[in-house]
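For the record, the sequence lines run as chains C and B. Every position in the first sequence, counted from 1, becomes a number in the working numbering once 1 is added. Every position in the second sequence, counted from 1, becomes a number in the working numbering once 126 is added.
Just so you know, not all the hints are guaranteed correct.
Here are the simulated DSBU-like pairs of lysine-lysine, each with C-alpha atoms no more than 35 angstroms apart in a straight line [what the hints assert, rightly or not]:
(1) B:K334 to C:K517
(2) C:K325 to B:K264
(3) C:K109 to B:K334
(4) C:K481 to B:K314
(5) C:K574 to B:K264
(6) B:K340 to C:K109
(7) C:K574 to B:K253
(8) C:K481 to B:K340
(9) C:K574 to B:K274
(10) C:K259 to C:K500
Hints are computed from structural coordinates only; laboratory data are not their basis.
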Amino acid sequence: MTYFPEEVVEHIFSFLPSHSDRNTVSLVCKVWYEIERLSRRSVFVGNCYAVRPEQVVRRFPNVRALTVKGKPHFADFNLVPPDWGGYAGPWIEAAARSCVGLEELRMKRMVVSDESLELLARSFPRFKALVLISCEGFSTEGLADIASHCKHLRELDLQENDVEDRGPRWLSSFPDSCTSLVSLNFACIKGEVDSASLERLVAKSPNLRSLRLNRAVSVDTLSKILLRTPNLEDLGTGNLTEEFQTESYLRLTNALEKCKMLRSLSGFWDASPACVPFIYPLCHQLTGLNLSYTPTLEYSDLTKMISRCVKLQRLWVLDCISDKGLQVVASSCKDLQELRVFPSDFYVAGYSAVTEEGLVAISSGCRKLTSLLYFCHQMTNEALLTIAKNCPNFIRFRLCILEPRKPDATTNQPLDEGFGAIVRECKGLRRLSISGLLTDKVFMYIGKYAKQLEMLSIAFAGDSDEGMMHIMNGCKNLRKLEIRDSPFGDGALLGNVAKYETMRSLWMSSCNVTLKGCEILASKMPMLNVEIMNELDGSCEMEENSVDPSRVEKLYVYRTTAGARDDAPNFVKIL
Amino acid sequence: MAGVDVDVGTELRLGLPGGGAEAAKAGKRGFEETIDLKLTLPTAGMEEAAAVKTEPAAEKTKRPAEAAAADAEKPPAPKAQAVGWPPVRSYRRNVMTVQSVKNKKEEEPEKQQPTANAGSNSSAFVKVSMDGAPYLRKVDLNMYNSYKDLSIALKKMFSTFTTGNNLNEGKLVDPVSGADVVTTYEDKDGDWMLVGDVPWEMFVASCKRLRIMKSSEAIGLAPRTKDKCKNKS
């Protein structure tokens, strides 16, 4: 192959579908390394501290699409204190210096400042797509800079970010010359938007395919917008709570009916049940439906809508749908691939209308199910066995029983056998979250059967270090392991240290690891950053039984070529 | 793991000084969910957070009881909330909190209010000081759904400052004088207010810091009493 001209080799590489394939070919020889790095267009950095930004941009100067992820997953649940890190600044600055051809930036769980957004907007003349997921640190002023300066912007997708509201001017900042918008998602923006600006923007964006509005947008504005977007494929509604005026809603239905390409619907917020029938004409064509932010819709409203959605592939709902409602889903939505059932009441002793029965019904009606997130208040081994047999194609299986350590609801046994069945039957399982009463046995099963598992989330489970050892020794493809409130200590932490080099990260909080154990790990494995967090400021509950003051409350271990990071706050100690 | 029974005899009341019954009759405009913050302390040997049994929280159930298995009722002694559990993204929690406030009030959609802002920050850390304690703590108010949750957390945080023996006196008290304490907070306007008067969400939005102080110092502390309290902060 080395006798081919570079252009030919480069062309061959362009057929490689994945990052890991490209990483592999770059290892073959120096020539291939050079060709690969200069022709690489898309780079994925799963942990922003695993590598220095300068190294990345130096190796891949022609990168067009960069994805970077910051905080560990458990940061979503407030387990990572604020100011921990994950700053976007160094990445944007490095790219601004070395990769002016950058067109797309995707960031998740990072801290992004307005200054960084401004730098981004001014540094990349061909910039096309900004996707920020679960980020924070910026305001609508930063968005105004993006809007004003990115003349070829195609995608501005803000998912579940914490954005400081400094007024609606950002939406009017798109210049008249900007007609390239394909996707705009500002559902997480809390403030008012100027309807006229929004309508103008939509009117001059003939390529708009995806639009997700925030709660400030009225029904009338929505109707006007939809008349301009007959090719819209994905819609997040605005406010649907207004005083019920038939005329407004009729206009909405008319507008919706024109959107023949519409496949995916979300938003709804505190939609009033009266508005739901106006969505009916759309239901038969929907493949995606997100009602998970809508506690105002009860079981009957939900089922009337969903029973019409016969092509549905992705459904997100709240547990107010109840087991009965899930049976309706099971009989109506035969193509369902992804289901998420979220709790409407976060208090663990509260009531959830969803139990193992709903999930069993789903599994028997929706045989194509591959991805599940299910919050419920009880589960049984028998149900899990049935579910595993019905749906052996699970790729993602996340079950959250609201009460920690809750046993099988009929037998009072641990749920080891049920989860064991899941990992045994679902040979393609890549992501698993377990809950309920679980002993070391479940980990034995996971280690034995879950050979494709890449991410495992454990809470309030296990009896001893043996449990974690089963995982460390058995799960060959494990990349991310996150554990909380489980009795694993130094023995487990140090039982297979070489494993950490093959993983992206390990998180352990409220377990039994000690400072000594972490120090040993750090000394044995210099290519890891071993971060411990012991705060005295109360953001984690002080344990009553901190008999051992050397016990580490939060531990985050990750492989890195960058060495210890220099932006760590004072409550983080890097060993 | 068995939970530990709370010694019901050791009741710390963080309501108005003088007694709970009186507080209830005090005639102040009280939101229906206002409760006396009772800090009941465990006796020695309490196990970790998840095993603590507390009083049941105010119910938010609107759904009819259906499809639940016969033996699936609320646990006899509800468990305490562990931090970050259930694993629901802060963004989702905040959105749902805002909406449940709106629905409860049954008002027309309105512009963003302090109540909306309460939920809209991903964390709302405030300092908590206790008179006589050597250092302050911090709590994230967004981690809790009610005054009850907060009182449980505060109790655990400051339980090392209890005086007395195991008999009947595991009260959270001022370490110097042994007197009862009340919990107050400084609001956005800089006023010191008694905790518990306003709806939870409004409290979260306006609370800047918390202070656990001697009951004796709190006499005369009423909603919106500016003058007497400013000197104390």
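Comparing the hints with the structure gives:
Using a Cα cut-off of 35 angstroms, the hinted pair K334 (chain B) and K517 (chain C) is violated, with the two alpha carbons roughly 38 angstroms apart. Between the alpha carbons of K325 (chain C) and K264 (chain B) the distance comes to roughly 43 angstroms, so the proposed pair goes past 35 angstroms and is violated. Straight-line distance between C-alpha atoms of K109 (chain C) and K334 (chain B) comes to about 30 angstroms, which keeps the hinted pair within the 35 angstroms bound. Between K481 (chain C) and K314 (chain B) the alpha-carbon distance is near 42 angstroms, which puts this suggested pair outside the 35 angstroms criterion.
Note on K574 (chain C) and K264 (chain B): the hinted pairing holds, with a Cα-Cα distance of about 20 angstroms set against a maximum of 35 angstroms. Between K340 (chain B) and K109 (chain C) the CA atoms are separated by roughly 46 angstroms; this puts the pair beyond 35 angstroms, and the hint is violated. The hinted pair formed by K574 (chain C) and K253 (chain B) meets the criterion: a straight-line CA distance of about 23 angstroms does not exceed 35 angstroms. In summary, the hint linking K481 (chain C) to K340 (chain B) is not supported, as the alpha carbons are separated by about 48 angstroms, beyond the 35 angstroms threshold.
The hinted pair formed by K574 (chain C) and K274 (chain B) meets the criterion: a straight-line CA distance of about 34 angstroms does not exceed 35 angstroms. For the proposed pair K259 (chain C) and K500 (chain C), the alpha carbon gap of about 55 angstroms is over 35 angstroms, so the pair is violated.
When held up to the earlier numbered hints, the structure conflicts with 1, 2, 4, 6, 8 and 10 and fits the remainder.
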